[in-house]
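S.K.: Sequence:
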Amino acid sequence: MSIKSKLLLAGRIAPMALSAAAALSTSAAAQDSDAISEVVVYGAKTRSAEQTNIDPRQVVLSKPDVADLATRVPGANVVSNGPVAGQVQYRGMNGPRLKVQLDNMYLNSGGPNLMDPPLHYMPEPILDQLSVVRGVAPVSAGSSIGGVVKAKTKSSRFGSGDAPELQADVSASGRSVNDSYAAGGLVGVGTSKYRFHVLGSSEGGADTQFDGGEITPTAFERHVYGAGGGIKSGVHELGFDYRHHDTDHAGNPALASDMEQTDTNIFNLTYGGVWRGTVLDAQLFYSDVKHDMNNFSQRIAPANPMMNRMPEAKAEGLGFKVNATWPLAGGELTVGVDGHYATNNVNIINPNNPLFFVRNINDAENDSTGGFVEWNGEAAGIDMLLGARYTHVDTDAGNVFAGPALPAAVQVLVARFNGIDHSKSDDNVDVVGRFAYGLTDDFDLTLGLGRKTRSPFYIERYAWLPTGASAGLADGNNYVGDPGLDPEVSYEVEAGFDWDDGDAYFTPRAFYRSVDDYIQGMPITDMTTVMVSTNGGDATPLQFTNVDAELYGVDASWGYVFSPQWHVDGIVTYVRGKRRDTRDDLYRITPLRATAALSYLGEDWSLTVEGVGVAEQEKVSSTNGESRTGGHGLLNIHGEWRVNANATLAAGIENVLDHRYTNHLAGVNRAMGSDVPVGARLPGAGLNAFIRVGFVF
Numbered sequence: 001m002s003i004k005s006k007l008l009l010a011g012r013i014a015p016m017a018l019s020a021a022a023a024l025s026t027s028a029a030a031q032d033s034d035a036i037s038e039v040v041v042y043g044a045k046t047r048s049a050e051q052t053n054i055d056p057r058q059v060v061l062s063k064p065d066v067a068d069l070a071t072r073v074p075g076a077n078v079v080s081n082g083p084v085a086g087q088v089q090y091r092g093m094n095g096p097r098l099k100v101q102l103d104n105m106y107l108n109s110g111g112p113n114l115m116d117p118p119l120h121y122m123p124e125p126i127l128d129q130l131s132v133v134r135g136v137a138p139v140s141a142g143s144s145i146g147g148v149v150k151a152k153t154k155s156s157r158f159g160s161g162d163a164p165e166l167q168a169d170v171s172a173s174g175r176s177v178n179d180s181y182a183a184g185g186l187v188g189v190g191t192s193k194y195r196f197h198v199l200g201s202s203e204g205g206a207d208t209q210f211d212g213g214e215i216t217p218t219a220f221e222r223h224v225y226g227a228g229g230g231i232k233s234g235v236h237e238l239g240f241d242y243r244h245h246d247t248d249h250a251g252n253p254a255l256a257s258d259m260e261q262t263d264t265n266i267f268n269l270t271y272g273g274v275w276r277g278t279v280l281d282a283q284l285f286y287s288d289v290k291h292d293m294n295n296f297s298q299r300i301a302p303a304n305p306m307m308n309r310m311p312e313a314k315a316e317g318l319g320f321k322v323n324a325t326w327p328l329a330g331g332e333l334t335v336g337v338d339g340h341y342a343t344n345n346v347n348i349i350n351p352n353n354p355l356f357f358v359r360n361i362n363d364a365e366n367d368s369t370g371g372f373v374e375w376n377g378e379a380a381g382i383d384m385l386l387g388a389r390y391t392h393v394d395t396d397a398g399n400v401f402a403g404p405a406l407p408a409a410v411q412v413l414v415a416r417f418n419g420i421d422h423s424k425s426d427d428n429v430d431v432v433g434r435f436a437y438g439l440t441d442d443f444d445l446t447l448g449l450g451r452k453t454r455s456p457f458y459i460e461r462y463a464w465l466p467t468g469a470s471a472g473l474a475d476g477n478n479y480v481g482d483p484g485l486d487p488e489v490s491y492e493v494e495a496g497f498d499w500d501d502g503d504a505y506f507t508p509r510a511f512y513r514s515v516d517d518y519i520q521g522m523p524i525t526d527m528t529t530v531m532v533s534t535n536g537g538d539a540t541p542l543q544f545t546n547v548d549a550e551l552y553g554v555d556a557s558w559g560y561v562f563s564p565q566w567h568v569d570g571i572v573t574y575v576r577g578k579r580r581d582t583r584d585d586l587y588r589i590t591p592l593r594a595t596a597a598l599s600y601l602g603e604d605w606s607l608t609v610e611g612v613g614v615a616e617q618e619k620v621s622s623t624n625g626e627s628r629t630g631g632h633g634l635l636n637i638h639g640e641w642r643v644n645a646n647a648t649l650a651a652g653i654e655n656v657l658d659h660r661y662t663n664h665l666a667g668v669n670r671a672m673g674s675d676v677p678v679g680a681r682l683p684g685a686g687l688n689a690f691i692r693v694g695f696v697f
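Residue numbering for the sequence shown follows my numbering, beginning at 1 and increasing consecutively.
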């Protein structure tokens with residue numbers, strides 16, 4: 001189905017869903033009319049729907065990638081293949097397993113290796129808030145097996161009267177470790193009925209330095225511009241937003257190629273209102289990505305020009321959401337439908353040989369349509385969030401081809417792939433229950449239960465030629481997919497408590513996930529595929545396969561207030577991931593990590609000294625050829641001065657002792673010409689001084 005056809009389909013579904021939701025809510029409202037006032041606005045969630053919100057204006061970000069903000073959340077860390085390619089990992093899951101939403105939109109990445117993961121499209125100067133749902137994610141957040149991360153763009157706001165009110169939220173920053181800069185933000189105007197804004201950002205940086213030289217290639221340049229606005233009439237609001245993203249280049253030393261250029265357009269239309277006591281929300285969004293890569297312009301090119309590669313990828317995505325919320329049984333009931341329809345294409349060429357071309361992915365489609373029901377409220381003194389979701393997923397891919405410069409064995413793989421049925425349908429069911437019970441005013445018990453599912457990523461099903469495209473696994477292996485893969489099914493439980501007596505707090509959680517049909521690369525026995533892969537540099541390729549796995553661990557946040565000026569805060573994260581069907585461990589799992597930060601709060605300034613400790617990681621995947629890493633400790637210092645009610649100045653130093661260390665989630669170097677040997681673990685950044693100025697009114 002073409003994107004145009006999908007747009008027409010979404011246009012038909014949305015009004016029907018709004019009408020159905022309104023009719024259903026009217027029936028429920030008639031049964032609970034005493035609970036409805038003339039104008040009802042809902043949204044205050046109970047303790048059972050826990051979410052950590054991070055305001056980038058109040059946190060000094062020492063890196064250009066906003067994914068790094070998630071390291072301030074228990075259970076979270078960042079998988080990084082490049083300076084602006086960070087993927088949030090939550091409790092051992094990242095990439096396609098984690099639902100990352102930008103302004104409640106799901107954006108499919110352009111690249112098959114996720115060089116442009118969703119948060120790539122949220123530079124710090126335009127980020128308003130990053131949120132991580134802790135524990136089992138609600139079904140209202142979408143089909144997500146690993147968790148939910150939400151990023152909100154800065155936006156204009158409605159004013160208080162008819163006179164236009166000028167608004168601004170801008171910042172500029174610089175970092176020494178890679179001579180990088182970032183500047184941008186939002187300028188807008190609003191009245192009680194209208195609002196409008198323009199936004200943009202410009203960023204750039206050189207190669208990252210460490211105690212030993214430079215990590216090449218890690219230079220980058222990224223620019224964004226856009227506009228948006230809204231109209232309000234009574235209790236109804238319409239909003240629109242458009243952004244264009246242009247990444248001119250970005251190195252990815254953990255991958256076989258670098259991002260040469262990415263052009264992306266994002267459109268978002270929203271509606272919010274109240275009809276007969278029911279809150280209605282609707283959204284329609286679209287994105288298109290043109291993503292060019294190569295292995296020779298930002299790193300030393302292969303000695304043989306015939307090995308030059310220039311992958312060209314394109315992606316389109318169309319999505320919609322319609323939700324209705326009304327009071328029911330002392331709580332809130334939300335019913336919704338949503339869909340996302342994505343198409344991906346990948347070509348590989350050699351600019352030195354016009355006869356070398358491969359259609360690696362041809363019109364790979366992933367069409368997902370679902371519905372959910374979720375109740376959030378209190379019963380018998382227990383805060384509850386109960387939900388169920390059904391999602392139907394159709395995937396397909398067109399026939400592929402390869403040019404005459406490719407070996408005969410490649411043509412065998414082409415014929416083999418084109419000779420099978422590529423279409424696949426999945427019927428996924430998610431069920432969630434979250435509970436919180438207050439034993440005392442300062443002590444709550446928490447429990448989360450869930451059944452979560454995930455359909456395979458298009459690379460996992462439709463990669464037929466063994467290449468390094470692997471959704472960003474960056475393990476150095478070549479991969480092929482399997483159209484017959486089954487969806488992953490996770491059964492999870494978490495338990496813990498929240499204790500906060502006003503001076504001290506402690507919020508530990510223990511969790512366990514048992515995942516059936518976990519998708520993992522396994523050694524290939526087919527000799528034709530091995531022959532082609534060996535010719536491409538990997539004699540031990542892997543094929544995405546369904547296996548069984550489990551993940552478990554403990555995470556917590558804690559803190560103590562010594563006085564109105566002094567306090568200490570910290571987090572602890574421990575995750576263990578392993579196969580259930582063999583004795584092997586899962587790949588790229590965060591090691592035990594802990595932080596402790598001592599802060600002093602003055603009248604208009606603050607200062608924080610932070611220690612970060614990371615343990616060695618010995619539980620590594622032999623299947624993926626993963627190497628062990630040692631532990632390390634870092635010392636960071638940062639502070640902020642509130643110049644006046646509108647302006648702030650923040651500065652700090654990361655890795656004060658210029659300690660050389662290895663970040664387990666950063667992968668291994670695959671680029672020649674770097675001060676890091678090929679095949680060696682990528683080191684962390686060296687001493688980094690940074691400064692940021694912000695202005696808001």
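A portion of the hints provided could be inaccurate.
[As the list claims (entries may be wrong)] Listed next, with one range per pair, are the computed distances between beta-carbon atoms:
| id | residue 1 | residue 2 | range |
| --- | --- | --- | --- |
| 1 | Ala-510 | Ile-382 | 15 to 21 Å |
| 2 | Asp-179 | Ile-382 | 17 to 23 Å |
| 3 | Pro-164 | Val-59 | 28 to 34 Å |
| 4 | Asn-347 | Ala-379 | 51 to 57 Å |
| 5 | Met-672 | Leu-649 | 28 to 34 Å |
| 6 | Asp-179 | Arg-576 | 53 to 59 Å |
| 7 | Asp-179 | Ser-563 | 38 to 44 Å |
| 8 | Pro-351 | Asp-263 | 34 to 40 Å |
| 9 | Met-307 | Ala-615 | 36 to 42 Å |
| 10 | His-392 | Thr-528 | 45 to 51 Å |
| 11 | Ala-510 | Arg-157 | 38 to 44 Å |
These are calculated hints, taken from the structure and not from any lab test.
Even glycine gets a Cβ: it sits at the ideal position worked out from N, Cα and C.
S.K.: Indicate, hint by hint, whether the structure satisfies it.
M.R.: Quick rundown of the hints versus the structure:
Checked against the hint of 15 to 21 Å, the pair Ala-510 and Ile-382 passes, with Cβ atoms roughly 20 Å apart. Hint check: Asp-179 to Ile-382, Cβ distance near 54 Å, so the stated range 17 to 23 Å is violated. For the pair Pro-164 and Val-59, the beta carbons lie near 32 Å from each other, so the given range of 28 to 34 Å is met. Here the CB-CB span from Asn-347 to Ala-379 is close to 56 Å, well matched to the stated 51 to 57 Å.
Checking the proposed 28 to 34 Å range against Met-672 and Leu-649 shows it is violated: the Cβ atoms sit about 41 Å from each other. The hint said 53 to 59 Å for the Cβ distance between Asp-179 and Arg-576, and at roughly 39 Å that hint is violated. Range check, Asp-179 to Ser-563: about 40 Å between beta-carbon atoms, so the 38 to 44 Å window is met. Here the CB-CB span from Pro-351 to Asp-263 is close to 19 Å, at odds with the stated 34 to 40 Å.
For the hinted restraint 36 to 42 Å between Met-307 and Ala-615, the CB-CB distance of approximately 39 Å keeps it satisfied. Between His-392 and Thr-528 the beta carbon distance is about 35 Å. The supplied range of 45 to 51 Å is therefore violated. Checked against the hint of 38 to 44 Å, the C-beta distance between Ala-510 and Arg-157 comes to roughly 41 Å, which is consistent with it.
Consistency note: the structure conflicts with the earlier hints numbered 2, 5, 6, 8, 10.
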